[in-house]
Amino acid sequence: MAAEYYRLNKDKVGELFERARADYDVVAKTRDANGNLVYGRPATFDDVAFVDEQPPMSAKAFALPQTETLVRYEREDEKIRAEGPEAEARDVLLFGVNICDAAAFDIIDHVFKWDYLDDPYLGRRADATLFALACAAVQQDCFCDRISYAEDGVDTVAYPLEGYYLVKVQTEKGRKLVERYHDLFDAEDGDAEAAINTFREKAGTAKKEPLLESARAGLEKAFEHADWEILASTCIGCGICTYTCPTCHCFDIQDEGSAIAGRRLRTWDHCTGRTFTAMPAHQPRDRQYKRYRQRLLHKFWYYPERFGPLLCTGCGRCITYCPVKINIKELVEYFGGLKDTPPGGARHGK
Amino acid sequence: MATIREELQAAVKKLFDDDKIDYFVGYAEDYGHTFPAILTKDSDPSRLTFDRKSYDNLANFLPELRGSRVGLICKQCEVRTLNVLAAEEQVERDKLVVVGVPCPAMLDPRKLTEGAADLDSLDESYWQEKCRRCLERNTPLADVFVGERVSTPTPAEGWPLLEEVEKMSAEERLAWWRRQMSLCIRCYACRLACPLCYCHQCFVEDNKPQWIDKSVAPENNLHYHIIRAVHLAGRCIECQECSRVCPVGIPVDVLNNVLSRDFAERFGYVSGETAETQPALTRYERDDKEDFIL
Amino acid sequence: MTKAEKQKEPEKAPQWKPNIVGFLCNWCSYAGADLAGTSRIPYPCDVRIIRVPCSGRVDPLMILRAFREGADGVLVSGCHPGDCHYIEGNYYARRKFIALKKLLDHVGIDPRRFRVSWVSASEGRKWANVVEAVTRELLEVGPFRYEEDGDD
Chain R
1 MAAEYYRLNK DKVGELFERA RADYDVVAKT RDANGNLVYG RPATFDDVAF
51 VDEQPPMSAK AFALPQTETL VRYEREDEKI RAEGPEAEAR DVLLFGVNIC
101 DAAAFDIIDH VFKWDYLDDP YLGRRADATL FALACAAVQQ DCFCDRISYA
151 EDGVDTVAYP LEGYYLVKVQ TEKGRKLVER YHDLFDAEDG DAEAAINTFR
201 EKAGTAKKEP LLESARAGLE KAFEHADWEI LASTCIGCGI CTYTCPTCHC
251 FDIQDEGSAI AGRRLRTWDH CTGRTFTAMP AHQPRDRQYK RYRQRLLHKF
301 WYYPERFGPL LCTGCGRCIT YCPVKINIKE LVEYFGGLKD TPPGGARHGK
Chain D
1 MATIREELQA AVKKLFDDDK IDYFVGYAED YGHTFPAILT KDSDPSRLTF
51 DRKSYDNLAN FLPELRGSRV GLICKQCEVR TLNVLAAEEQ VERDKLVVVG
101 VPCPAMLDPR KLTEGAADLD SLDESYWQEK CRRCLERNTP LADVFVGERV
151 STPTPAEGWP LLEEVEKMSA EERLAWWRRQ MSLCIRCYAC RLACPLCYCH
201 QCFVEDNKPQ WIDKSVAPEN NLHYHIIRAV HLAGRCIECQ ECSRVCPVGI
251 PVDVLNNVLS RDFAERFGYV SGETAETQPA LTRYERDDKE DFIL
Chain X
1 MTKAEKQKEP EKAPQWKPNI VGFLCNWCSY AGADLAGTSR IPYPCDVRII
51 RVPCSGRVDP LMILRAFREG ADGVLVSGCH PGDCHYIEGN YYARRKFIAL
101 KKLLDHVGID PRRFRVSWVS ASEGRKWANV VEAVTRELLE VGPFRYEEDG
151 DD
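Protein chains in written order, with our numbering: chain R, 1 to 350; chain D, 1 to 294; chain X, 1 to 152.
Chain R extracted, bound-state conformation (with noise of 0.2 Å):
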């Protein structure tokens, strides 16, 4: 559909989110017991950050949880009883997520719906409804101006603007959800995409070259380069980027329980850990840096080689809460071939 444009007031945002509690299951963000930002499922307003920082969680969990059931069963004498997922009964509504993290999911259903339709994920993913917040600054570490991905399959995005929400909609979904609180929301009669391309330059969001996607050919040719057991060997293997990560979906296949009970499950599982595949078979990446460059070139060559988009949204999480600070950015621009000098000065020198 072609996109419509709205007005949302400032002040109208909290009367937003309560009615829409009624009718979804709504995810905000909120602050966790030690007072991090979280997605979560605040119940009043008061609780809700309705701001543009970056939890350091993405709202991927929400689509693909971190531990998910995918069987459970049961032995009675001689006979087994196993049940599937339940169902889970209510749209969701991520309330005021950050357009990196509403951007992935587009980009991840690829993966869901190619040779094996994951349907725990889809049904989750088809009733979830996207209301994005723009944000206002870059942020630490991120680099979006540098990815071009595609925000039109985010539903709705909400630009603040001096005054008001500029709401930009661009699914039927999105439509959906302003028609049935059509009194909160006024027209736009502006030229709504010039105030968006000003809000963006202002923010420092919008793009810039070179895009990051210029880096692949660089990176087509950069899988023996010497520095990466160099430049990658910082990595200590953890999750963290990983799990943080929007995009990054890879999971693993557990059981749990006995020959009486018990239950399958997957769970979230990382290229850069020294057991990933170890189950079905073993991890083929003997070293930590080649367990790094897959992760880098999974990003930004292998997934854009099948499906078309990077695998990333530039959200920088992976940088941020890295604990040796290893810069997936400057890698890719140094491997790729967009920059001379590695990061910190390493070389190899081989």
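To be clear, the hints were calculated from the coordinates, so they are not data collected in a lab. In this text, a Cβ means the ideal position worked out from N, Cα and C, and glycines have one as well. Take the hints with a grain of salt, since some may be wrong.
[To be verified] Pulled from the structure, derived: some chain D residues nowhere near chain R, Cβ distances all over 12 Å: (1) A2; (2) E89; (3) R93; (4) P102; (5) E124; (6) Y126; (7) T154; (8) K167; (9) A170; (10) H231; (11) T277; (12) D288; (13) D291.
[What the hints assert, rightly or not] With the C-beta cut set under 8 Å, the calculated list includes, among others, these residues of chain X facing chain D: (14) R94; (15) L100; (16) L103.
[Claimed, not checked] Quick list of the computed label-pair ranges, beta carbon to beta carbon: (17) D/F145 to R/A206: 48 to 58 Å; (18) D/D288 to R/T341: 55 to 65 Å; (19) D/R286 to R/G40: 52 to 62 Å; (20) R/S258 to D/T282: 33 to 43 Å; (21) X/D83 to R/K79: 42 to 52 Å; (22) X/I50 to R/K79: 27 to 37 Å; (23) R/H110 to X/E69: 40 to 50 Å; (24) X/Q15 to R/D23: 44 to 54 Å; (25) X/E69 to D/L294: 21 to 31 Å; (26) X/E69 to R/E86: 19 to 29 Å; (27) D/P155 to R/H110: 48 to 58 Å; (28) D/D19 to X/E69: 52 to 62 Å; (29) D/D206 to R/K79: 28 to 38 Å; (30) X/R125 to R/P280: 52 to 62 Å.
Guided by the hints, dock chains D and X onto chain R, whose structure is given.
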């Protein structure tokens, strides 16, 4: 007068020129962060630095470089780590060149707000907790020392966060830890950032027997963290890297501190004080206090 | 008692019995438990015994796993200090248990859920007393669950 940065870069260049080392492990500053970097002689040392954001415990990178001659920047944290590793025969000291530095006390990244003022001038309230307890700011064991020696303030007593948790009742503590553990995403960064967690295979990775359920749930996460602390009992040198790296901000080092404090009282024991100090669980006394045994 | 009051009174459930997992060393405590049996000493039968070569074999992981599998309490028993079949296994074990005990106490798990005892092969009576004490304590503490009411 040369800055510590210049002195350090010159010292590293000399180590490579004299063919003393194959790799140098230090901190580099780039794109707004200070981070660990592994350098070879063909690398550009001009980004090497040592500042108040040189957080990482660099001893963590030694296993990856085993067999090579390595130059390593050592703060007090690394020195204590090396002592434990030496006691456990995990370090090749003759292949190691310890580059000593005067440690200015590291800042707590969670207390730093964006665009903070001059980092050098930030006072004790911005320090990491461990730095208040530091025993010696100038690297003992140093083969090469760069920068000017500083005085070490009297180490602070007490464990503020641990003591705060201990003020709660048992039920409150269980609820508190349960809340903390509900945040855990089991990325295992606390284990992997720890220079003393060097096992090739960890109990969390075992399937048969499956000690810890793979599903992410508060009780499973708590069991993981308890066992992690048991495995570091009498070995943890309180560098607090486990807590610093946690992406969701769980103060996991509190569990380690429980044992560090108890072992200090019970066995008169500071882990990593010297290379001869044997970790507490690898030895025993016939009359160890057994107040809980029936 | 009025009828209404009677209705409020919960139905009498069959008395709850704790699940106790006992890790017993092969050389002393297991033989001690055997002796208690052959001597016809009556004691509560709520301990499921797992025979291990030495109390030093008992890894804190086993204890936590037992809790995870539904144990309400864990009892580890081995030779008295100085009597270890392997000379020093129980000395090392003692230090390990000090660490685990400290941590369990700290995170708020009732200390009565994890007990250690020294029972020799000749102490059938002591074994019966230990089991009786542990069972009585666990009856007071109740079933082990991490979940707060209404949670999850």
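We went through each hint and held it up to the structure:
Taking the minimum C-beta to C-beta distance to chain R, about 19 Å, the non-interface status of D/A2 holds against the 12 Å cut. A cut-off of 12 Å between C-beta atoms confirms that D/E89 is not in contact with chain R; the least separation is 23 Å. Against the 12 Å criterion, D/R93 stays outside the reach of chain R, whose nearest CB is about 22 Å from its own CB. Listed as a non-interface residue, D/P102 keeps its Cβ farther than 12 Å from every Cβ of chain R; the least gap is roughly 23 Å.
At roughly 22 Å from the closest C-beta of chain R, the C-beta of D/E124 stays outside 12 Å, upholding its exclusion from the interface. With a minimum CB-CB distance of about 18 Å to chain R, D/Y126 clears the 12 Å threshold, and the non-interface call stands. With 12 Å as the threshold on Cβ separation, the claim that D/T154 sits away from chain R holds: the shortest Cβ distance comes to roughly 31 Å. Consistency note on D/K167: stated as away from chain R, and its beta-carbon is indeed over 12 Å from all of that chain's, at 17 Å minimum.
With a least beta-carbon separation of about 19 Å from chain R, D/A170 lies farther than 12 Å from that chain, consistent with its non-interface assignment. The Cβ of D/H231 sits about 17 Å from the closest Cβ of chain R, beyond the 12 Å cut-off, so the non-interface label holds. Residue-level check passed: D/T277 sits 26 Å from the nearest beta carbon of chain R, beyond 12 Å. At roughly 35 Å from the closest C-beta of chain R, the C-beta of D/D288 stays outside 12 Å, upholding its exclusion from the interface.
Distance check for D/D291 against chain R: the nearest CB is about 33 Å away, which clears 12 Å, and the non-interface claim stands. Annotation: X/R94 was flagged as interfacial toward chain D, and the flag holds, the nearest CB pair being 6 Å apart, inside 8 Å. The closest approach between the C-beta of X/L100 and any C-beta of chain D is roughly 6 Å, which is under the 8 Å cut-off, so the hint is satisfied. A least Cβ separation of about 5 Å between X/L103 and chain D falls short of the 8 Å threshold, and the interface hint therefore holds.
One distance hint, 48 to 58 Å for the beta-carbon pair D/F145 and R/A206, holds here, with the actual separation near 49 Å. A hinted range of 55 to 65 Å holds for the C-beta pair D/D288 and R/T341, which are about 57 Å apart. With their beta carbons about 54 Å apart, D/R286 and R/G40 fall inside the hinted range of 52 to 62 Å. Taken as a hint, the range 33 to 43 Å holds for the pair R/S258 and D/T282, whose Cβ atoms sit roughly 35 Å apart.
Between X/D83 and R/K79 the Cβ separation comes to about 51 Å, which falls inside the hinted range of 42 to 52 Å. Judged by the Cβ atoms, the range 27 to 37 Å given for X/I50 and R/K79 holds: they are separated by roughly 30 Å. A hinted range of 40 to 50 Å holds for the C-beta pair R/H110 and X/E69, which are about 41 Å apart. Separated by about 49 Å at the C-beta atoms, X/Q15 and R/D23 satisfy the suggested range of 44 to 54 Å.
Checked against the hint of 21 to 31 Å, the pair X/E69 and D/L294 passes, with Cβ atoms roughly 23 Å apart. Checked against the hint of 19 to 29 Å, the C-beta distance between X/E69 and R/E86 comes to roughly 25 Å, which is consistent with it. Range check, D/P155 to R/H110: Cβ separation about 56 Å, and the 48 to 58 Å hint holds. Distance hint check: the CB atoms of D/D19 and X/E69 are about 58 Å apart, consistent with the given range 52 to 62 Å.
A C-beta distance of roughly 32 Å is found between D/D206 and R/K79, which places it inside the suggested range of 28 to 38 Å. A beta carbon spacing of about 55 Å between X/R125 and R/P280 agrees with the range 52 to 62 Å that was offered as a hint.
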